[in-house]
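**Q** The numbering of the sequence shown is my numbering, which starts it at 72 and goes up by one.
One or more of the hints may lead you astray.
To be verified - Below, in silico cross-link-like pairs of lysine-lysine (DSBU-like), each with a Cα-Cα straight-line distance of 30 Å or less:
{"no.": "1", "residue 1": "K302", "residue 2": "K326"}
{"no.": "2", "residue 1": "K279", "residue 2": "K260"}
{"no.": "3", "residue 1": "K172", "residue 2": "K397"}
{"no.": "4", "residue 1": "K170", "residue 2": "K321"}
{"no.": "5", "residue 1": "K365", "residue 2": "K284"}
{"no.": "6", "residue 1": "K326", "residue 2": "K315"}
{"no.": "7", "residue 1": "K287", "residue 2": "K365"}
{"no.": "8", "residue 1": "K199", "residue 2": "K272"}
{"no.": "9", "residue 1": "K326", "residue 2": "K260"}
{"no.": "10", "residue 1": "K287", "residue 2": "K221"}
{"no.": "11", "residue 1": "K260", "residue 2": "K273"}
{"no.": "12", "residue 1": "K221", "residue 2": "K284"}
{"no.": "13", "residue 1": "K295", "residue 2": "K330"}
{"no.": "14", "residue 1": "K221", "residue 2": "K365"}
{"no.": "15", "residue 1": "K279", "residue 2": "K409"}
{"no.": "16", "residue 1": "K199", "residue 2": "K224"}
{"no.": "17", "residue 1": "K302", "residue 2": "K400"}
{"no.": "18", "residue 1": "K295", "residue 2": "K170"}
{"no.": "19", "residue 1": "K295", "residue 2": "K221"}
{"no.": "20", "residue 1": "K302", "residue 2": "K397"}
{"no.": "21", "residue 1": "K272", "residue 2": "K400"}
{"no.": "22", "residue 1": "K175", "residue 2": "K284"}
{"no.": "23", "residue 1": "K260", "residue 2": "K317"}
Said to hold, decoys possible - FRET-style restraints, in silico, Cβ to Cβ:
{"no.": "24", "residue 1": "E195", "residue 2": "D332", "range": "44 to 54 Å"}
{"no.": "25", "residue 1": "K224", "residue 2": "K273", "range": "17 to 27 Å"}
{"no.": "26", "residue 1": "E216", "residue 2": "E266", "range": "23 to 33 Å"}
{"no.": "27", "residue 1": "R211", "residue 2": "R437", "range": "46 to 56 Å"}
{"no.": "28", "residue 1": "E217", "residue 2": "K284", "range": "56 to 66 Å"}
{"no.": "29", "residue 1": "G386", "residue 2": "E188", "range": "55 to 65 Å"}
{"no.": "30", "residue 1": "V402", "residue 2": "V198", "range": "51 to 61 Å"}
{"no.": "31", "residue 1": "K440", "residue 2": "V402", "range": "54 to 64 Å"}
{"no.": "32", "residue 1": "R437", "residue 2": "E274", "range": "46 to 56 Å"}
These are calculated hints, taken from the structure and not from any lab test.
The structure displayed is predicted, hence computed values, not measured ones.
From the three backbone atoms N, C-alpha and C, an ideal C-beta is built for every residue, glycine too.
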Amino acid sequence: MKGFNAIDTLSNGTVVVVQKPEPPPKKRLKSAPPPKVPRPSIPWATPGAADMSLMNSALKRGQQIPLPEDDFDEDMDSDSMDDSESAELVRIIDSLREKLKVEKHAKLLMERDIRDEVCKEMMEQIVKIENDYEEQIREREILAEEMMEKRIKILTNTINPRKRQRQEVMEDEDDEWVSSMLLHQEKVKVQERDEELKELKKELETTKSQLNKYIKEQENYIAKNTSLQFKLADTEQVLEQTQKDKEEAKDQVKKVNNKMDELVTNTVEKRKSDIDLGDTCLLETLSQQLQQAKDQIKEQETEIKELNAMLTEAGETFQQTDTEIKQLKEVINDDEEKLKQQQTLISELQTALEESTNAVTTAEERLVKRDEQIIKLESENSELEGIDNVPASQGNLCPPLSMRHSSQEFIINRPLHNSSRVLQVVLTPLQNKLTAHHTKTSLLRLRNSPIAESR
């Protein structure tokens, strides 16, 4: 017989197998020695009366001797009891293993379903976010295109040159000099403003390109942020699942320990003598299973630590991306303020351009009016020249002319009709023709003269 192995579970979950000392052997009665019966010298010789009496006395003494106790039946009964208990233990352990397998399979199925649902929800959220950002970008592009089209239309309407044909007419030197100076000044101003507008357009293009770059960078940062958020959510879910698995494993280990304790107590109560080798093997297998469960728990704890480290790293990267996004937003706000300032400058320049163009148009209209007046005056001069060449029969109508001739010009002095005033006309030869040079006062006098009235 071997010693009894007791199992004790400590507070930290370790299993200690304590081997009890072997019980002392039971005392057995000594068997009596066989009686000495005298054997006859000759086997076929019949014993005598004395011999028969001796044999009978020996038989009586042998019947009085107590027989030794037979422990074989008790050993058989204890062995049968041990076998039945070990079979029950094996059956319970097999049922527990099957339950563990079923629970693990069910949990795996639950985890798969949960992961599928979470992935579907996250994909739907990603699609919604992408659609929202695409709509916002399209709206911004449409607004920017409309604003640029309006600005281009305004600029084209203000900058289009208004070319008009002008006739070259001889005018007074003072009037011609003043008008040309004004026109030159206005043209210089217009050119300077055109150059400023070109520079502002270039700056607008550069700022637009920079804004597009910042917008793209912001979109990239937003995409990274969303991916990090999804990773964080996945890691949190994995952590929660691992913690749940850890708790469930701990509960299962506790249950197994409790069942083992119950089984041990039952076996201790049922049998107080010995435990067979089969029981020790079962206990060893159970201790191995407990050790495996503890190893699994340690592995899960290491995985949890790694996931926590991943979470901290993801949080740091998330904070960095948040700071970068804030910086980009500040830069975009500064660029928007600069754009607003440039737009105000462009509007001011556009108003100044409109004023300058209006001034140029008014100057051109004045010049056109002057040209028309000059043409009218030249036509009147030509008519007056025709009157001067009237025959002598009509001399009563027109008084005679007094002429002076110089090397370069003819001066005609003619008294006006019924007045003491004299019309002085200066004729200069130009390409075998006579052209009249006169002043504004002389032309006005011609208009109010009686010759014009007589015509």
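**Q** Now tell me if each hint is right for this structure.
**A** How the hints compare with the structure:
1. Restraint check for K302 and K326: not satisfied, since their Cα atoms lie roughly 35 Å apart, outside the 30 Å limit.
2. For the proposed pair K279 and K260, the alpha carbon gap of about 28 Å is at most 30 Å, so the pair holds.
3. Taking the CA atoms of K172 and K397, the gap is near 52 Å; set against the 30 Å cutoff, the hint is violated.
4. Between the alpha carbons of K170 and K321 the distance comes to roughly 15 Å, so the proposed pair stays at or under 30 Å and holds.
5. Distance hint between K365 and K284 is unfulfilled; the C-alpha atoms sit about 55 Å from each other, more than 30 Å.
6. For the hint linking K326 to K315, the alpha-carbon distance of about 16 Å falls within 30 Å, and the restraint holds.
7. For the hint pairing K287 with K365, the CA-to-CA distance comes to about 51 Å; that exceeds 30 Å, so the pair is violated.
8. Between K199 and K272 the CA atoms are separated by roughly 37 Å; this puts the pair beyond 30 Å, and the hint is violated.
9. About 96 Å separates the Cα atoms of K326 and K260, which puts this hinted pair outside 30 Å; it is violated.
10. Of the supplied pair hints, the one linking K287 and K221 holds, its CA atoms being roughly 25 Å apart against a limit of 30 Å.
11. Annotation: proposed proximity of K260 to K273 holds, straight-line Cα distance about 20 Å (limit 30 Å).
12. For the proposed pair K221 and K284, the alpha carbon gap of about 24 Å is at most 30 Å, so the pair holds.
13. Our distance criterion of 30 Å between C-alpha atoms is broken by K295 and K330, whose separation comes to about 51 Å.
14. A C-alpha spacing of about 75 Å is found between K221 and K365, which places the hinted pair above 30 Å, so the restraint is violated.
15. Note on K279 and K409: the hinted pairing holds, with a Cα-Cα distance of about 11 Å set against a maximum of 30 Å.
16. At roughly 38 Å between alpha-carbon atoms, K199 and K224 are farther apart than 30 Å, so this suggested pair is violated.
17. Annotation: proposed proximity of K302 to K400 holds, straight-line Cα distance about 25 Å (limit 30 Å).
18. Distance hint between K295 and K170 is unfulfilled; the C-alpha atoms sit about 44 Å from each other, more than 30 Å.
19. A C-alpha spacing of about 36 Å is found between K295 and K221, which places the hinted pair above 30 Å, so the restraint is violated.
20. Annotation: proposed proximity of K302 to K397 holds, straight-line Cα distance about 22 Å (limit 30 Å).
21. A threshold of 30 Å between alpha carbons decides the hint, and for K272 with K400 the separation of about 24 Å falls inside it, so the pair holds.
22. Using a Cα cut-off of 30 Å, the hinted pair K175 and K284 is violated, with the two alpha carbons roughly 52 Å apart.
23. For the hint pairing K260 with K317, the CA-to-CA distance comes to about 83 Å; that exceeds 30 Å, so the pair is violated.
24. A hinted range of 44 to 54 Å for the beta carbons of E195 and D332 is consistent with their spacing of about 51 Å.
25. One distance hint, 17 to 27 Å for the beta-carbon pair K224 and K273, holds here, with the actual separation near 19 Å.
26. Take E216 and E266: their Cβ atoms lie about 26 Å apart, and the range 23 to 33 Å holds.
27. Under the hint 46 to 56 Å, the C-beta atoms of R211 and R437, about 48 Å apart, fit the expected range.
28. For the pair E217 and K284, the beta carbons lie near 22 Å from each other, so the given range of 56 to 66 Å is not met.
29. For G386 and E188, the Cβ-Cβ distance of about 25 Å falls outside the hinted range of 55 to 65 Å, so the restraint is violated.
30. In this structure the supplied range 51 to 61 Å is violated for V402 paired with V198, their Cβ-Cβ distance being about 30 Å.
31. Remark: the range hint 54 to 64 Å for K440 to V402 is upheld by a beta-carbon distance near 56 Å.
32. At about 37 Å, the CB distance of R437 to E274 disagrees with the hint of 46 to 56 Å.
Hint check: violations occur at hints 1, 3, 5, 7, 8, 9, 13, 14, 16, 18, 19, 22, 23, 28, 29, 30 and 32; the rest are consistent with the structure.
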